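Peer 1: Please construct the entire structure, taking both the sequences and the accompanying hints into account.
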Amino acid sequence: RKEVEQDPGPFNVPEGATVAFNCTYSNSASQSFFWYRQDCRKEPKLLMSVYSSGNEDGRFTAQLNRASQYISLLIRDSKLSDSATYLCVSPWGGDNTDKLIFGTGTRLQVFP
Amino acid sequence: GAGVSQSPSNKVTEKGKDVELRCDPISGHTALYWYRQSLGQGLEFLIYFQGNSAPDKSGLPSDRFSAERTGGSVSTLTIQRTQQEDSAVYLCASSSWPADTQYFGPGTRLTVL
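Residue numbers (my numbering), protein chains in the order written: chain A, 1 to 112; chain B, 113 to 225.
Hints in this document: simulated from the structure, not taken from any laboratory.
One should not assume that every hint holds.
Among the chain B residues that face chain A by a calculated CB cut under 7 Å, a handful are [as the list claims (entries may be wrong)]:
id	residue
1	Leu151
2	Leu155
3	Tyr160
4	Gly163
5	Pro167
6	Phe177
7	Ser199
Here are the simulated lysine to aspartate or glutamate pairs, DMTMM-like style, with alpha carbons at most 20 Å apart [to be verified]:
id	chain 1	residue 1	chain 2	residue 2
8	B	Lys127	B	Glu197
9	B	Lys129	B	Glu197
10	B	Lys169	A	Glu3
11	B	Lys127	B	Asp168
12	B	Lys123	B	Glu197
13	A	Lys79	A	Glu15
14	B	Lys129	B	Asp175
15	A	Lys45	B	Glu156
16	A	Lys45	A	Glu56
17	B	Lys169	B	Glu180
18	A	Lys45	B	Asp212
19	A	Lys42	B	Asp136
20	A	Lys45	A	Asp82
21	B	Lys169	B	Glu156
22	A	Lys42	A	Asp82
23	A	Lys42	B	Glu156
24	A	Lys45	B	Glu132
25	A	Lys45	A	Asp57
Quick caveat: nothing in here was measured; it's all calculated off a predicted structure.
All C-beta atoms, glycine included, are put in the ideal place defined by N, C-alpha and C.
Peer 2: Here you go:
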């Protein structure tokens, strides 16, 4: 099983739609997680941190399910500007607790 | 404040040449990471520096790749005898402490002809 696994998509949704992505992780000892956003040909930028059961920031909600070892990102009222690749990130708490493991990303395309 | 900077932004080189990529992390950040991203692919971890500890080189794809971090600040990634498959965007990130939020530089786009 990959350390962090995401559906690559693409998810094609109309403006105003609600869309959700899931990400599974293999290390049950991981405590904190992140969602990063990467625009085409740009560097990744932090979208949200998830330290406990979840986090909400405006239209974005991240939830953590420790029992099933997945985190989700929910985007409500999608905007054209939400089109990007969303990277799920988990710390690797194995031999090296200092490394963050990035998923390969889920691509979202919002159309008018 | 100043973010992570990288230079050059673009580098075109011929197969077999050596290249050096530079990363200037956010001031005060003790952790520094190098990643590689090929077109349409995810981030591939290369190497990680934390303070004065020995770097985690577990992601370096071959012995042609090396990196150093001088004075706990600026880092240089060196690729010797470049190959066409080394063509990618090389991203540097820093964080204030391990496993915390990473801030990325704009990357260096390397093209090996």
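Peer 1: For the pair we were handed, Lys42 (chain A) and Asp82 (chain A), check the Cα-Cα distance against 20 Å.
Peer 2: With Cα atoms ~14 Å apart, Lys42 (chain A) and Asp82 (chain A) stay inside 20 Å; holds.
Peer 1: Is Lys42 (chain A) within 20 Å of Glu156 (chain B), Cα to Cα?
Peer 2: The hint holds at about 15 Å.
Peer 1: With a cut-off of 20 Å on the C-alpha distance, tell me whether Lys42 (chain A) and Asp136 (chain B) pass.
Peer 2: Distance of about 18 Å is within 20 Å: holds.
Peer 1: Starting from Lys169 (chain B), check that the Cα of Glu3 (chain A) is at most 20 Å away, please.
Peer 2: holds (18 Å)
Peer 1: Compare the distance between the alpha carbons of Lys45 (chain A) and Asp57 (chain A) with 20 Å, and conclude whether the hinted pair is satisfied.
Peer 2: OK: Lys45 (chain A) and Asp57 (chain A) at ~15 Å, within 20 Å.
Peer 1: Is the interface hint for Pro167 (chain B) satisfied, with its Cβ closer than 7 Å to some Cβ of chain A?
Peer 2: violated (11 Å)
Peer 1: Just to be careful, I want the Cα atoms of Lys169 (chain B) and Glu180 (chain B) compared with a cutoff of 20 Å; is the pair within it?
Peer 2: Roughly 11 Å between the alpha carbons, so the hint for Lys169 (chain B) and Glu180 (chain B) holds.
Peer 1: Check the hint pairing Lys169 (chain B) with Glu156 (chain B) against an upper bound of 20 Å on the C-alpha distance.
Peer 2: Status holds; Cα separation ~12 Å.
Peer 1: CA of Lys79 (chain A) to CA of Glu15 (chain A), is that 20 Å or under?
Peer 2: holds (5 Å)
Peer 1: Is Lys45 (chain A) close enough to Asp82 (chain A), meaning Cα to Cα at most 20 Å?
Peer 2: The given pair, whose Cα atoms are some 13 Å apart, holds under the 20 Å limit.
Peer 1: Once the shortest beta carbon distance from Ser199 (chain B) to chain A is found, is it less than 7 Å?
Peer 2: violated (14 Å)
Peer 1: Does Glu132 (chain B) sit within 20 Å of Lys45 (chain A), going by the straight-line distance between their CA atoms?
Peer 2: Since the Cα atoms of Lys45 (chain A) and Glu132 (chain B) sit roughly 25 Å apart, the hinted pair is violated (cutoff 20 Å).
In this structure, the earlier hints numbered 1, 4, 5, 6, 7, 11, 24 are contradicted, and the remaining ones agree with it.
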